[in-house]
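Protein chains: 2
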Amino acid sequence: MTLKEIVERARQGAKVPIVERDVERALSALLASEDIWRVIDLSQVPVMALVQVLSALKDTGLLDWDGGRLVLTPDGKRFAEAEELGPRLELKCPHCGGRGTTLGPVEEIVEKFKDIAANRPEAIQDYDQGYVTEETTLHRVAFMWSRGDLYGKELIVLGDDDLVSIAAALTRTPKKVVVLEIDQRLVDFIRDVAAKEGLPIEVVQHDLREPLPANIRGKFDTFFCDPTESLRGFVMFAERGIAALRGPGAAGYLGLTHCEASYDKWREIQRFLLDAGAVIAELRDAFHDYVNWPYIDHMRSWPHLPVHRIPGRDEIWYRSALIRVEVVKGPAIEERRYEGDIFADEEAATT
Amino acid sequence: MTLKEIVERARQGAKVPIVERDVERALSALLASEDIWRVIDLSQVPVMALVQVLSALKDTGLLDWDGGRLVLTPDGKRFAEAEELGPRLELKCPHCGGRGTTLGPVEEIVEKFKDIAANRPEAIQDYDQGYVTEETTLHRVAFMWSRGDLYGKELIVLGDDDLVSIAAALTRTPKKVVVLEIDQRLVDFIRDVAAKEGLPIEVVQHDLREPLPANIRGKFDTFFCDPTESLRGFVMFAERGIAALRGPGAAGYLGLTHCEASYDKWREIQRFLLDAGAVIAELRDAFHDYVNWPYIDHMRSWPHLPVHRIPGRDEIWYRSALIRVEVVKGPAIEERRYEGDIFADEEAATT
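So the sequences go chain by chain: A and B.
The end of the first sequence is residue 957 by the numbering used here, with every number in the run present.
The end of the second sequence is residue 957 by the numbering used here, with every number in the run present.
Misleading hints may appear alongside valid ones.
Note that the list lumps identical chains together, so a pair holds whenever it fits in one copy or between two copies.
Claimed, not checked - The calculated SDA-like cross-link candidates involving lysine to any residue, where the alpha carbons are at most 25 Å apart (straight line), are:
(1) Lys-935 with Val-841
(2) Lys-610 with Lys-781
(3) Lys-621 with Phe-949
(4) Lys-698 with Asn-898
(5) Lys-720 with Gly-703
(6) Lys-781 with His-914
(7) Lys-683 with Asp-903
(8) Lys-698 with Glu-741
(9) Lys-664 with Arg-915
(10) Lys-718 with Asp-870
(11) Lys-664 with Trp-908
(12) Lys-825 with Asp-665
(13) Lys-664 with Ser-907
(14) Lys-802 with Leu-697
(15) Lys-610 with Glu-952
Hint data in this document are derived by calculation from the structure and do not stem from the laboratory.
Make a model of the complete structure from these sequences and hints.
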């Protein structure tokens, strides 16, 4: 029995779209609850698609509901395990009616990650670096886990001064983590940490202006990147990320600020994402907090500021939205080669 | 001095887009802080646009920064008051690193609103009704306030079984609230409450399949709606909402579920929103919790469910995302007349 066979069976007589990821979502929900309403809620699959998936799981002997509970059979549990599916985690903040997110099981790696990050390379302007707080990286990883994009998945990180690869791998849940990074200091740092901690991270030194290496293209379940914010630079990152994904149901994460991007630019970016075959599944503004970088008085907008006070390292003012996209069709990406400066446009403020 | 004059001055020599709403956002930030980094953070205006706005405010005598603090002059404060701008509220949940939202000043109306809502008309299937919890309506209103879409603004609510108009008006911050509602019971209920509480709510009985009344079109700062979820019905609601907005900088809110909408449908909806001239400014999944409706065992998906247990009234399983859009261009809407059933498509589960 394969996911593909189950989805084909679920599609028989169905009048609504059903993809393999819907079967994964249903199984993750069934690993977390046996109650029909909780399973509907947790799965985030349209009800008229979910009922088809549940029937297909029953017909194939993976699920039973004779006692009024939805119970995975021993075969069903083995199947979910073989597919490396974990129970759906909600990670809803209990203090704000579930509108915020919590770290959940990621709490366990907080100390370890902070110890490792204490020795990270400092941000430099050459690559438009500027990293998020450690707390932010951990929340990001928890968010990915809660959305089913981490556990048992293959993750690619495009540029990793935030050390997402390390936090993700420390949870011991992803199947594989690959980093494409241009900065030799970060390549060395992440490789050293991975070797020392026994983490399944592969670091490839790569200039993202070049198309993806052939063995990377179309191979991943999830990408993460925090792009430079010129329109051209952002689209370049998004192109590489989406091109690395397997296809429908695969997901990507990107950061986007107000500081360096008008809503005009946001709209252009969103149009690109839709045209590439993706849907905007979530967009949480100000999810990411950034540590102030040492070159702040050399950034492009500095001479234009009315007041010239250097903020404290942890005096957060630069934030970005977390955008989660999911491939619905294709993806349709024509990978191009980029030349020259990808950082500058008129709205750029920090490079 | 007008907003228009300030924005024209700010645009002189600017190489980035600047709209009137950016001036409003800057002033709201300046009402909340005198520190440059907090003002950048709170304003959510691109830095290279913000510096132009700050200069224009200084040149026109509304702002001063000689002491290293950004201080609105008495003229500046009077101007902000005349424009009915309030200080930017963040309303970040302190327990989840600010990733969730709090009620903030909306706390003060919780009891009153719950008392009023206790006597609301029950949800009926005729109009695909099903209302959110009172807590959800209050969080929604707080969210709108924090995004600058409530205080001093003119708000239109398209279909209001959630009683958003009442919660919004109880905050005593919007300039005007208009409700378009088809259900006579809700029209009467909201009118009665408004009269009794002295709230600035105008209720117009209207079938949204018809284009907006002429005196409504292009007149509002903010719309709210929780559309029916057939693609056709959703687009109809979004068309009416966007057509009611003044233009660039005006904002709209819509709810969208997974239960009745696949990511294919989400993507179609997002394409419509972008084409209409809007940007997706925020998309917070599962922000809205729904109270179970009395016709649950008559809903379309009921016979297809594997288990037929009626959930408790407050056993939440149906949720929707909160989508905030903001007009960037236009808006470009061709308002059409709709005929017949707007509720049904293959993914519909509740009607």
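Hint check:
| no. | hint | in the structure |
| --- | --- | --- |
| 1 | Lys-935 with Val-841 | both (18 Å within a copy, 21 Å between copies) |
| 2 | Lys-610 with Lys-781 | within (20 Å within a copy, 55 Å between copies) |
| 3 | Lys-621 with Phe-949 | between (46 Å within a copy, 16 Å between copies) |
| 4 | Lys-698 with Asn-898 | between (29 Å within a copy, 21 Å between copies) |
| 5 | Lys-720 with Gly-703 | between (29 Å within a copy, 16 Å between copies) |
| 6 | Lys-781 with His-914 | neither (47 Å within a copy, 38 Å between copies) |
| 7 | Lys-683 with Asp-903 | neither (56 Å within a copy, 31 Å between copies) |
| 8 | Lys-698 with Glu-741 | both (16 Å within a copy, 16 Å between copies) |
| 9 | Lys-664 with Arg-915 | between (65 Å within a copy, 19 Å between copies) |
| 10 | Lys-718 with Asp-870 | neither (41 Å within a copy, 40 Å between copies) |
| 11 | Lys-664 with Trp-908 | between (63 Å within a copy, 18 Å between copies) |
| 12 | Lys-825 with Asp-665 | neither (31 Å within a copy, 55 Å between copies) |
| 13 | Lys-664 with Ser-907 | between (60 Å within a copy, 18 Å between copies) |
| 14 | Lys-802 with Leu-697 | neither (30 Å within a copy, 42 Å between copies) |
| 15 | Lys-610 with Glu-952 | between (47 Å within a copy, 23 Å between copies) |
Checked against the numbered hints above, the structure breaks hints 6, 7, 10, 12 and 14 and satisfies the rest.
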